[in-house]
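As a plain string of letters, each chain reads:
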Amino acid sequence: MWAIILFPLAGAIVNGLVGRRIGRGNVALVAIGAMLGALVVSSIAFSHALGGTTLQFRGEPWFRVPGPDGRALVSITWGLLVDRLSATMIMVVTGVGTLIHVYSTSYMSHEDDAGFARFFTYLNLFVAAMLTLVLGDSLVLTFVGWEGVGLCSYLLIGFWYTDPAKAYAGRKAFVTNRIGDFGFLIGLFALFSIFGTSNYGELSAAARALGDPSQIIQGGLFAGRTFQWAISFALLGLFVGACGKSAQLPLYVWLPDAMAGPTPVSALIHAATMVTAGVYLVARNSYLFSLAPAAMATVTFVGALTALFAALIAFVQTDIKKVLAYSTVSQLGFMFIGVGCGAWWAGILHLVTHAFFKGCLFLGAGSVMHGMGDETDIRKMGGLWRKMPWTALTFGIATIAATGIVPLSGFWSKDAILGSALFSHNSAWHQVGPIAYGIGAVAALGTAFYMTRLYALTFLGKPRTHAAEHAHESSPVMWVPLLVLAVAATVALVLALPGSMIFEHYLAPVFQSGTQRLLATGHVHAGAHPSWPYFAAWGIAAAGTLVAWVMYVGPSTDAPVTLANRFPRVYQLAVDKFRVDELYAAVVLEPVKLAAYLLWRIVDVFAIDGLLVNGVARVVSFVSGVVRLAQNGDVQRYAAIMAMAAAVILWTVLGAGGR
Amino acid sequence: MLLTITTFLPALGALALVLVPGTEARQHKAFAFVLSLITFFVSLGLWFGFDASPGAPEFQFEQFVPWISSLGIGYHVGLDGVALLLVMLTTALTPIVVLSTWNAVEDRVKEFMIALLVLETAMIGTFAALDLVLFYVFWELILIPMYLLIGVWGSQNRLYATVKFFIYTFAASVLMLLAILYVYFHDGGTFDYVEARQALQVSPDAARWLFLAFALAFAVKVPMFPLHTWLPDAHTEAPTAGSVILAGVLLKMGTFGFFRYAMPLFPEAALHFRTLIATLATVGIIYGALMSLVQTDMKRLVAYSSVSHLGFVMLGLMALSAEGLTGGVYQMLNHGVSTGALFLLVGMLYERRHTRLISEYGGLARQVPLIAAVFVIVTLSSVGLPGTNGFVGEFLILSGTWLSRLRHSAVFSTLAATGVILGAVYMLLLVERVFFGKLTNDHNRHLPDLTLREGFVLAPMIALIVVMGLVPQPFLAPAKPAVDRLVQRFQQVEVRLGQGPQVGTETTAFAARAALPGVPAMPAPLPAAPAHPEVH
Numbered sequence: 001m002w003a004i005i006l007f008p009l010a011g012a013i014v015n016g017l018v019g020r021r022i023g024r025g026n027v028a029l030v031a032i033g034a035m036l037g038a039l040v041v042s043s044i045a046f047s048h049a050l051g052g053t054t055l056q057f058r059g060e061p062w063f064r065v066p067g068p069d070g071r072a073l074v075s076i077t078w079g080l081l082v083d084r085l086s087a088t089m090i091m092v093v094t095g096v097g098t099l100i101h102v103y104s105t106s107y108m109s110h111e112d113d114a115g116f117a118r119f120f121t122y123l124n125l126f127v128a129a130m131l132t133l134v135l136g137d138s139l140v141l142t143f144v145g146w147e148g149v150g151l152c153s154y155l156l157i158g159f160w161y162t163d164p165a166k167a168y169a170g171r172k173a174f175v176t177n178r179i180g181d182f183g184f185l186i187g188l189f190a191l192f193s194i195f196g197t198s199n200y201g202e203l204s205a206a207a208r209a210l211g212d213p214s215q216i217i218q219g220g221l222f223a224g225r226t227f228q229w230a231i232s233f234a235l236l237g238l239f240v241g242a243c244g245k246s247a248q249l250p251l252y253v254w255l256p257d258a259m260a261g262p263t264p265v266s267a268l269i270h271a272a273t274m275v276t277a278g279v280y281l282v283a284r285n286s287y288l289f290s291l292a293p294a295a296m297a298t299v300t301f302v303g304a305l306t307a308l309f310a311a312l313i314a315f316v317q318t319d320i321k322k323v324l325a326y327s328t329v330s331q332l333g334f335m336f337i338g339v340g341c342g343a344w345w346a347g348i349l350h351l352v353t354h355a356f357f358k359g360c361l362f363l364g365a366g367s368v369m370h371g372m373g374d375e376t377d378i379r380k381m382g383g384l385w386r387k388m389p390w391t392a393l394t395f396g397i398a399t400i401a402a403t404g405i406v407p408l409s410g411f412w413s414k415d416a417i418l419g420s421a422l423f424s425h426n427s428a429w430h431q432v433g434p435i436a437y438g439i440g441a442v443a444a445l446g447t448a449f450y451m452t453r454l455y456a457l458t459f460l461g462k463p464r465t466h467a468a469e470h471a472h473e474s475s476p477v478m479w480v481p482l483l484v485l486a487v488a489a490t491v492a493l494v495l496a497l498p499g500s501m502i503f504e505h506y507l508a509p510v511f512q513s514g515t516q517r518l519l520a521t522g523h524v525h526a527g528a529h530p531s532w533p534y535f536a537a538w539g540i541a542a543a544g545t546l547v548a549w550v551m552y553v554g555p556s557t558d559a560p561v562t563l564a565n566r567f568p569r570v571y572q573l574a575v576d577k578f579r580v581d582e583l584y585a586a587v588v589l590e591p592v593k594l595a596a597y598l599l600w601r602i603v604d605v606f607a608i609d610g611l612l613v614n615g616v617a618r619v620v621s622f623v624s625g626v627v628r629l630a631q632n633g634d635v636q637r638y639a640a641i642m643a644m645a646a647a648v649i650l651w652t653v654l655g656a657g658g659r
Numbered sequence: 001m002l003l004t005i006t007t008f009l010p011a012l013g014a015l016a017l018v019l020v021p022g023t024e025a026r027q028h029k030a031f032a033f034v035l036s037l038i039t040f041f042v043s044l045g046l047w048f049g050f051d052a053s054p055g056a057p058e059f060q061f062e063q064f065v066p067w068i069s070s071l072g073i074g075y076h077v078g079l080d081g082v083a084l085l086l087v088m089l090t091t092a093l094t095p096i097v098v099l100s101t102w103n104a105v106e107d108r109v110k111e112f113m114i115a116l117l118v119l120e121t122a123m124i125g126t127f128a129a130l131d132l133v134l135f136y137v138f139w140e141l142i143l144i145p146m147y148l149l150i151g152v153w154g155s156q157n158r159l160y161a162t163v164k165f166f167i168y169t170f171a172a173s174v175l176m177l178l179a180i181l182y183v184y185f186h187d188g189g190t191f192d193y194v195e196a197r198q199a200l201q202v203s204p205d206a207a208r209w210l211f212l213a214f215a216l217a218f219a220v221k222v223p224m225f226p227l228h229t230w231l232p233d234a235h236t237e238a239p240t241a242g243s244v245i246l247a248g249v250l251l252k253m254g255t256f257g258f259f260r261y262a263m264p265l266f267p268e269a270a271l272h273f274r275t276l277i278a279t280l281a282t283v284g285i286i287y288g289a290l291m292s293l294v295q296t297d298m299k300r301l302v303a304y305s306s307v308s309h310l311g312f313v314m315l316g317l318m319a320l321s322a323e324g325l326t327g328g329v330y331q332m333l334n335h336g337v338s339t340g341a342l343f344l345l346v347g348m349l350y351e352r353r354h355t356r357l358i359s360e361y362g363g364l365a366r367q368v369p370l371i372a373a374v375f376v377i378v379t380l381s382s383v384g385l386p387g388t389n390g391f392v393g394e395f396l397i398l399s400g401t402w403l404s405r406l407r408h409s410a411v412f413s414t415l416a417a418t419g420v421i422l423g424a425v426y427m428l429l430l431v432e433r434v435f436f437g438k439l440t441n442d443h444n445r446h447l448p449d450l451t452l453r454e455g456f457v458l459a460p461m462i463a464l465i466v467v468m469g470l471v472p473q474p475f476l477a478p479a480k481p482a483v484d485r486l487v488q489r490f491q492q493v494e495v496r497l498g499q500g501p502q503v504g505t506e507t508t509a510f511a512a513r514a515a516l517p518g519v520p521a522m523p524a525p526l527p528a529a530p531a532h533p534e535v536h
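Sequence order for the protein chains is U and X. Sequential numbering of the first sequence, starting at 1, is according to my numbering. Sequential numbering of the second sequence, starting at 1, is according to my numbering.
Everything labelled a hint here was simulated from the structure, so no lab data went into it. What you are looking at is a predicted structure, and each value in this text was computed from that prediction instead of being measured.
Each computed DSBU-like pair below joins lysine-lysine, with the alpha-carbon atoms no more than 30 Å apart:
id, chain 1, residue 1, chain 2, residue 2
1, X, Lys438, U, Lys322
2, U, Lys322, U, Lys577
3, U, Lys387, U, Lys322
4, U, Lys577, U, Lys462
5, X, Lys438, U, Lys380
6, U, Lys322, U, Lys380
7, U, Lys577, U, Lys380
8, U, Lys462, U, Lys380
9, X, Lys438, U, Lys577
10, X, Lys438, U, Lys593
One side only, chain X facing chain U, incomplete, derived with CB under 7 Å:
id, residue
11, Pro226
12, Leu293
13, Ala365
14, Leu385
15, Pro386
16, Ser399
17, Ala417
18, Ile421
19, Phe436
20, Thr507
21, Thr508
22, Ala509
Each residue gets a CB set at the ideal place from its N, CA and C atoms; glycine is no exception.
Please build the complete structure, drawing on both the sequences and the hints.
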């Protein structure tokens, strides 16, 4: 099973060491060969999972520190686990990954040899890390992949490092993710304290064996708290990690800036795979989340807020990649609503369909940029469907899928999420499901609006600039992967047709213990839901599309300008992304920098060095200076001092005697 | 005997160098390099000869020769696993350091090499000594060559830095000498460490004062907040070789001192001051990281990052759990490798541009891609990315602290973990300012990339970073007996004090493994090939 990971890793090592010398054809061959190898092995593993078997590989120990009594809490092995959840994920990663590798050979062809090799090294390394994240059989191995994908993301966002803004975007992504990783570590340690293991198999068995979660813990770090409290604490830590990686409020700020990277990177890392790691993490620990309704409520609510918030920003962005980035943030919010309200399969299904349609959208955007000479401003496009028919077609299909219009896949997965949210019943916060449904419905309206707007401005109407008139279609190496993804986005609808519930049944064994616990606590209900939310959601999507159509294609095309003029402040605030970056800079970054500087000047330079170290030295030299006055070898002064001393002694003695 | 040979081989070499005429600079370098390399190969005998099994003697390669028998001072040396690791670090770093000075030192090469070799002997001796006076002699002997390295071959402000370094460490060591003398006069007249540890009977109050005297000497060396201000000056002014030795080995003498002397000799006192030291360590982690954030001088930045990293080590030691202690030991090695490599890299940039100011650089990655790549790898190790050595150390320390019985352990661990975030901030900021962006400074336009010699200097460091990250077990295993003995020693004290358990890890709230009859115990390992998956 390690072969799945070792293929891309080997590709990265070969290309990293000798890539700049073997020529770009061989670099591409190595990189794509590695991906194909991983894809083939993944498919074998997937077929086993499909057949109902769970593959486990108990790896060699990595590090293990037993105490004097032989008990080892920290005992980490290189073990892997392929169940239906991780099998699904590796198929997405290697499948979409292979397509994007192929696409990149054309997209990155303008790079010099060294840059070309570097790009594929990072890309292969990313896939290896992502597969480790997904396949690892313990939270620690997942964390290894988790940080590994963060590193590759950093390297790839800052791929064109000579541009300071891009290098900065890379660092911003890494540091923001590190804040999330901090939460991940705390959650991991807390689970160590509760269960004494980080292995998924052992954790889930323990969760099953734990009878009543409201028992009071007797010993250890959490003594005096209930299991529910302790597990909620740990899971909230993990969720902070998920918020960092999956760009949720309040840690989403890095993802829009991450668009500085090459577009295939945005498609692979910042849409299809890496950013969904947080959703995977929550789903992977479903058995624990089912014990902690408060944590589930938090996940649901944060997801809902993010879905709406990002959609609002996406309304007014004019950069094609930025629109898609905020759309990704918003869609990830939907996935979190799903996994937060207990519909884990729906969250994962949306993850899969999103990987297809958003990957397609990003690659389409890359194709547009390629044809337009790296232009990203949609106001300067228009009418591109004539010039780039394949791109326009696939982008259109993916847009419809994203919008959630029947019958493409996005509709089914998104509405499965919203429907489940509405009918869930969280015991920690009863209304969170319906609230999430409400917010999510508005966000879905927003999605329909901004996606239609994006498509209309880019492909429909008349060319608005010279560049748009002379745009050209990209090579088949680029549009064939688009077509494959568009087809996948269409076909994926089969997975979630109401009535068949293929995907739900398929994933049921993975989430079995979590679902059972939720059924027992009345969090979810068995049986089919009423179907009216589906129709409502469809109506919402159609309404959003219609409004956008009217405003950007149809009769009242001057409406956007009128609206912007009527509410200039709101408009400006949205264009400025609600000034969250500025807020963070003012509240966190600048104070930390200032505090560090002041501490340095006051504590180190002034107090310790100035007063204590050099101060002591100065006191010593001052005292010695004073003492030196008495020993300067001047005989007359010695005599004077002797005389004065004699007088003092005499006076003292006589004064004492006289009394 | 092997240990004694390893210890004194460099000093013998230094003696031989005295006899070589002073004009042939290249010969001196070559001689010192070969000699330090031989020392390394000899020390490999220690590495492979060491027995880390539970039944093995605590100190191995032991040798005892009476020295001043009327005072009970003997030449007594021996290694436990922790000392072995640090000796190996020393012998491995020295040839690398000699090689790195090939072009950097042109002035008084002979004296420089003599100082370096004497320093090596003193460092190995410090780790090997099992007699308190012998330890003190080696400990102070280090000051002389180090004083000279900074004072003679340093940069502009070297006199201030070297005097500060000397006074700081010397003043604190004198207190340690007093404490050693107190132990001698109080305890049937032995300076022997092993005997003293067995027989020492002092009142709790006296033990606290003695602990503080030892701890102060060690804390200055570590250096712990707020005794750290000599370090940035010393690092900044020292030549590259001095910085590498200083960061790589010298600072570990402080943490080693805690592990070997202060804690096992006075365990009750150590428990008493545990929270205080852990607090200072945590403050050091965050404070050092914040300081690194605002530095404009590369070496000063790396020096402050050492304060942060050594804070992790001290926190791990104070956790008094097997995980924390082992992590602390591991982090000592990591810091030697990673920060040593960082100083080597900064030194290489300095040789090319003769400035340490970050603002003088920028956009170097296109000019010197290999240096940039190595710098990024070392940076990743420094910020503790999984797959590098730094992760194993930091993970063990943070988890070991979290799981330990230190009061408020979770708070300590959480605060220390913020150091991991800040570490990423200042290191990546450094990388970005030096290597990324546009190359604007014309002086940087024609910098040569890594030479073959520099490649040989850095290759072992990179190899260690990766190997220690992926296969840490061979480096963890030697430390285990020493760590276990220390934990057990504290457990005895804890029984004697009768205030409940204070060391080791806390029991888990829910015994996952014990309570699961249904879970099969460790299924057989599957072959790596996926063609034969086992049904579970």
